[in-house]
Amino acid sequence: MSTVPGYHGRYLRVDLSERTSREVPWPDGVLRSFLGGGGLGTWVLRRETPDGVDPLSPESPLVFVFSPLVGSPLTTSAKFAVLAKSPLTGRINDSLSSSHFAISGKRTGYDAIVIVGAAEGATTLVVTPDGVRFESAETEWGLGSRETGQRVRDRLGGEWGGFRVAAIGPAGERLVHFATISHDARHAGRGGLGAVMGSKRLKAIAVAGDRVVSFADPGRLVEISRDLSKRSLGPATAKYRELGTVDNLVTFNRLGSLPTRNFQGGVFAEASMLSPESLEADRDRTRTSCAACTIGCEHIFPLAGSGQEEGGGVRMEYENLFALGPLCGVSDPRAVLAASALCDELGLDTISTGASIAFAMECAERGLVEIPGLRFGNGDAMLSMIDDIGNRREWGDLLAEGTRAAAERIGGESQSFAPHVKGLEIPGYEPRALQAMALGFAVGTRGADHNRSGAYEVDFSPEVGRIDAEPGTIEPVVRVEDEAVLMDSLILCKFLRGVFEDRVAGMAELLRPVTGWDVSPEELRETAGRIVTAKKAYNIAQGWTPAEDTLPQRFFEEPLGEGGSQGAQLDPDRLAAQIRAYNLQRGWTAEGYVPEDRLVALGLA
Amino acid sequence: MDGEGTSGVTVEFFGIARQRAGRTRIVVCRGLESTRLGDVLLAAAERLPELAGECLDGSRPQDGYLANINARRFTTDPDTPIRAGDHVLLLAADAGG
Numbered sequence: 000m001s002t003v004p005g006y007h008g009r010y011l012r013v014d015l016s017e018r019t020s021r022e023v024p025w026p027d028g029v030l031r032s033f034l035g036g037g038g039l040g041t042w043v044l045r046r047e048t049p050d051g052v053d054p055l056s057p058e059s060p061l062v063f064v065f066s067p068l069v070g071s072p073l074t075t076s077a078k079f080a081v082l083a084k085s086p087l088t089g090r091i092n093d094s095l096s097s098s099h100f101a102i103s104g105k106r107t108g109y110d111a112i113v114i115v116g117a118a119e120g121a122t123t124l125v126v127t128p129d130g131v132r133f134e135s136a137e138t139e140w141g142l143g144s145r146e147t148g149q150r151v152r153d154r155l156g157g158e159w160g161g162f163r164v165a166a167i168g169p170a171g172e173r174l175v176h177f178a179t180i181s182h183d184a185r186h187a188g189r190g191g192l193g194a195v196m197g198s199k200r201l202k203a204i205a206v207a208g209d210r211v212v213s214f215a216d217p218g219r220l221v222e223i224s225r226d227l228s229k230r231s232l233g234p235a236t237a238k239y240r241e242l243g244t245v246d247n248l249v250t251f252n253r254l255g256s257l258p259t260r261n262f263q264g265g266v267f268a269e270a271s272m273l274s275p276e277s278l279e280a281d282r283d284r285t286r287t288s289c290a291a292c293t294i295g296c297e298h299i300f301p302l303a304g305s306g307q308e309e310g311g312g313v314r315m316e317y318e319n320l321f322a323l324g325p326l327c328g329v330s331d332p333r334a335v336l337a338a339s340a341l342c343d344e345l346g347l348d349t350i351s352t353g354a355s356i357a358f359a360m361e362c363a364e365r366g367l368v369e370i371p372g373l374r375f376g377n378g379d380a381m382l383s384m385i386d387d388i389g390n391r392r393e394w395g396d397l398l399a400e401g402t403r404a405a406a407e408r409i410g411g412e413s414q415s416f417a418p419h420v421k422g423l424e425i426p427g428y429e430p431r432a433l434q435a436m437a438l439g440f441a442v443g444t445r446g447a448d449h450n451r452s453g454a455y456e457v458d459f460s461p462e463v464g465r466i467d468a469e470p471g472t473i474e475p476v477v478r479v480e481d482e483a484v485l486m487d488s489l490i491l492c493k494f495l496r497g498v499f500e501d502r503v504a505g506m507a508e509l510l511r512p513v514t515g516w517d518v519s520p521e522e523l524r525e526t527a528g529r530i531v532t533a534k535k536a537y538n539i540a541q542g543w544t545p546a547e548d549t550l551p552q553r554f555f556e557e558p559l560g561e562g563g564s565q566g567a568q569l570d571p572d573r574l575a576a577q578i579r580a581y582n583l584q585r586g587w588t589a590e591g592y593v594p595e596d597r598l599v600a601l602g603l604a
Numbered sequence: 000m001d002g003e004g005t006s007g008v009t010v011e012f013f014g015i016a017r018q019r020a021g022r023t024r025i026v027v028c029r030g031l032e033s034t035r036l037g038d039v040l041l042a043a044a045e046r047l048p049e050l051a052g053e054c055l056d057g058s059r060p061q062d063g064y065l066a067n068i069n070a071r072r073f074t075t076d077p078d079t080p081i082r083a084g085d086h087v088l089l090l091a092a093d094a095g096g
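In the order they appear, the protein sequences are chains A and B.
The opening position of the first sequence corresponds to residue 0 in numbering that gives the first Met the number 0, with each subsequent residue numbered one higher.
The opening position of the second sequence corresponds to residue 0 in numbering that gives the first Met the number 0, with each subsequent residue numbered one higher.
For the record, the hints were derived by calculation from the structure and aren't laboratory data.
Note that the coordinates shown come from a computational prediction; the quantities given were computed from them, not determined experimentally.
We put the beta carbon where it would ideally sit given N, CA and C, even for glycine.
Treat the hints with care, as some may be off.
On the chain B side, residues computed to face chain A include the following (Cβ under 8 Å) [unchecked claim]:
1) Gly63
2) Leu65
3) Ala70
4) Arg71
5) Phe73
6) Thr74
7) Pro77
8) Asp93
9) Ala94
The shape of chain B in the complex, shown without the other chains (with noise of 0.2 Å):
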């Protein structure tokens, strides 16, 4: 587990969240092995505050935004619990075309 803990946790970001992050993704929570969304969602706000208020709430995702889990599964539970490696995509959750 050790190279794979050591390996953090990449967010990336999609839509408004890559405007205002202004970037496509960061790796966050290196060093463990498994934590929980909120966790995550805090560490990336923290390394880009821009983030805060508009496209995170804290420890959730803000109103009309998601986490997805590895490209799969939706959640705006911040006691997910996420592994190292994992990567975890935040985006808006209206997907209107």
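Looking at chain A on its own, in the form it has when it is part of the complex (with noise of 0.2 Å):
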């Protein structure tokens, strides 16, 4: 078997229920045209998953992909990918992470874990070079995926150099909807996966390995990766290292753009107590980076009184910032702290789990649900909701299953501000007034997401008026989503976009030397409208339709009231003729179907 440079030419496909595991090479021209992480996984999905199948029964595939630049010196590349058809949405989803795992999971020998079946009991898959162990998790079940993962490290001790470990907490046991998997305290957050690991009662999966991949031009590697990482300590970074992104919510107040109290609004009146100023103002925040990144944006702040201390205290990010504080009305950067900590113990996406709350808190204060001191503003009652939801009580219950589900249930006008598109809770960014991310949003394969879109690069620029985004909006949107889904898929972290002159033509420059391919930015544009597409052909295989690709009714209604962006609301007709527009951009049909001569010309028929 002839092997690509910078691959190992083979993915590990594993039976939980049958206990077996067999190697399957990869199809010719497979991994040029998919590259790796979430291209490469969504390959693998497409080849793996039933129609109609449910994402929590055994036959649902559960992908661990890692990527070409895994393993090389090129800084931010220690990634990976884990895909599934989401619980939440039941679409695609791939949720990227960073850490050790990455590289000690490319050392067991094979370019992506798939799993499916389901185990008879909790267990921990083992994966080396020597082959797949099943050990039992019984021990384990019921804790947090920190300890969950020491516990695992230590009882397998030195073997290959040391193990590497993704777990999922209480939240994916009890198959929460939006449970995370994590590792060396990072997750992959979106789209509920750890609710797939924990319906096949698979609590963790250990991996090392010896088995190091080759380079096409070692030399040339090596003097790319430190011109990019000095570059990568420059002054296009500076926020990510200095600040974070929790930078961003002080900006985002000022432009009006910032969610508040589920949607309701774009200004959180005490936004400066939860700006970076603040936070740090009794605290002492440290800083670290990644596994084999130089930026360094992960800032951890300390819990004082809580037990933090000695766990290294909590990740602030702009996003579980703004879904936990302003999301929520909550202002107390005690309650934000404490609820980001708690999230990341249960396992639940921070995003998911503040929108979830927030829904709830609407509900609540418009009479449609009886839930005593769930209102706006009372940090008490989200941490409490928050620990109901990771072990399904109550309220919580429900709220475990995802916003759209809980509104279906509670009915009344609650639809129309359930925080969602196609399930999946919207992030930090209000579409009212962002507007290229509104249509991003819609159009998303993974659901209401800003990573895989990227579309706000669009608002934030002077290429269309982020509220009133003209039909120049198109082919910015497209253009940013197809570099997203590059680095996605290469995987490098877009806190890199800034340093690359031209993204595409610099990523091309990077693949180049560690797998040998004389590949140009052209062919890369190609792959990354393949990538796009057969993600596309993913969801309508498992239903879906053009009525998805659409926002909250709340956001065509309800203009904002106050700030940067004040009168800023959505035009129902406009958006669906961008969503129109970008579907033939793509290729596809004006209502996003894909044309079987489109699917044979990509090599996706």
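Both chains are given apart, each in its own frame, so use the hints to dock them into the complex.
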């Protein structure tokens, strides 16, 4: 079997029901056509997922995918993707994360690990170059992911130089539809892949090995790695290094684009209490980085008196800050930090958790539900509800299904303000104030998502007006989505975006010495279109309809009331026209279906 | 126009620009009824030399930075008309979260 540099040339397919595994070679051309990470994972999912499968059934595959850059000296390349059909959306979901798990996982000798079936009892899957072991995880069941990881590592010892572990917390065990998969205190966060893992009674995956891949031009790779590292320490990443993404909160508030009180507004009067300066006022912030990263955007805050100091504090980013702060009307930094830490411990996606609670708070304030104490601004009630969601108690059991499902049960007008697209809760980019992002949310194959689309970049540019996005919005929205899908497939951190003069050309330059492919920017752009279309084709096979590509009614009917985006609202006709234009730009029908000849042209038939 | 004309242009700083400026805002171009973005940014850099180079490139925002007029419209064009009473926000273009 010939092997492309940067790859092992095969994936491992594990059947938990049968307790078997086998190696599967990549068919010719697949690696160059799908690269790695989210792209290659999409190819695997299309091959392995039965149409209409229940995401939490044994037949539903869970896929861990590495990438050709993992193990190289390129900064931010220690990343992996996890993919499955989301229990939250019923659509494709790829969650990316960074950690030593990526490096150790690739050293097992596989480019991906595909898991099907379900174990009879709580299980830890151990993968090394020697093969696969299925070990009992009964003693870890019920524990948080951090403690689980430590116990598994201690038990497995120093074999292969030590193991790295990805695990689920109690939320994943209880099939909370937005449960995470965690490792090295980081998370594959969105879309509920932790629940997919829990449905297989798979508590943890431990990986270790010594298999390294060759690179086509090691000298050139070292040269460009040094250059990229140097650029990664320049002004383009200063914001992330010095302030972290939490800095967005104050800026977004000034622009009226900070989602507040379940998207009822874009300005939070108490935002200054959650500014980086306020968070640091009586806390010693520390900074760290992902494995193999020179940027170091992780800003860690201690939680006085909570016992979190021993665990290294809590990592605060814009998304957990916005979701557990302004979105729930909470301005007490202690409550927001504690809520974030509790989500980490239980294994909950902070965006969906905050959005679900904010939605319930609005339902309670409107009298649609009776939940004592759950009102905007009540940090204690928010903390209590997080615990109830993670443990599926009382109202938490319903909210654990996400806002779409909760609104269907609660009824009334609640569906008009349940903050989701395709079931995935909306992140911290107010769509009325950032209307290119609104389009990105609507057409996103994962649902409302700022990482796969990245269309907020278009809003934060002179290219189009962010509140009255013109017809010229389509091309840049497609362009940044293509760039994002390439970064998610190589995989590189998106915080590197600013260091490339031409992102696609820059990524081609990185890929050449790794793989030896004489890949051009034009080829990569076609690859991006192929991957986005493959995701769309997956969704269509799983039941997608054009009606899903929209946003909640609130955004069309309620203009923003104050601040920098005062009066902004979405126009349904304009958004529908933009969606049609987007679909046509992608080579699909205006409704969003993929014609057979397009599938053939992209090698997806 | 006299009242507005003497109020100047407020430059607000966010993120790294705020860190470098050491303050949240300054007022420049007092006494002018109208001007252009480039002159506002030059005036800001004159008052706060720490901004030059990293956040400002002469009369333009540095690469990776944007100006925003009155919290609505983003621009990097130094010829953008600015009126007395306007607010010019200086912020990083990368809004990844």
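Structure-based check of all given hints:
| no. | hint | result |
| --- | --- | --- |
| 1 | Gly63 | holds, 5 Å |
| 2 | Leu65 | holds, 7 Å |
| 3 | Ala70 | holds, 3 Å |
| 4 | Arg71 | holds, 6 Å |
| 5 | Phe73 | holds, 5 Å |
| 6 | Thr74 | holds, 5 Å |
| 7 | Pro77 | violated, 12 Å |
| 8 | Asp93 | holds, 5 Å |
| 9 | Ala94 | holds, 5 Å |
Hint compliance for this structure: hint 7 alone is broken.
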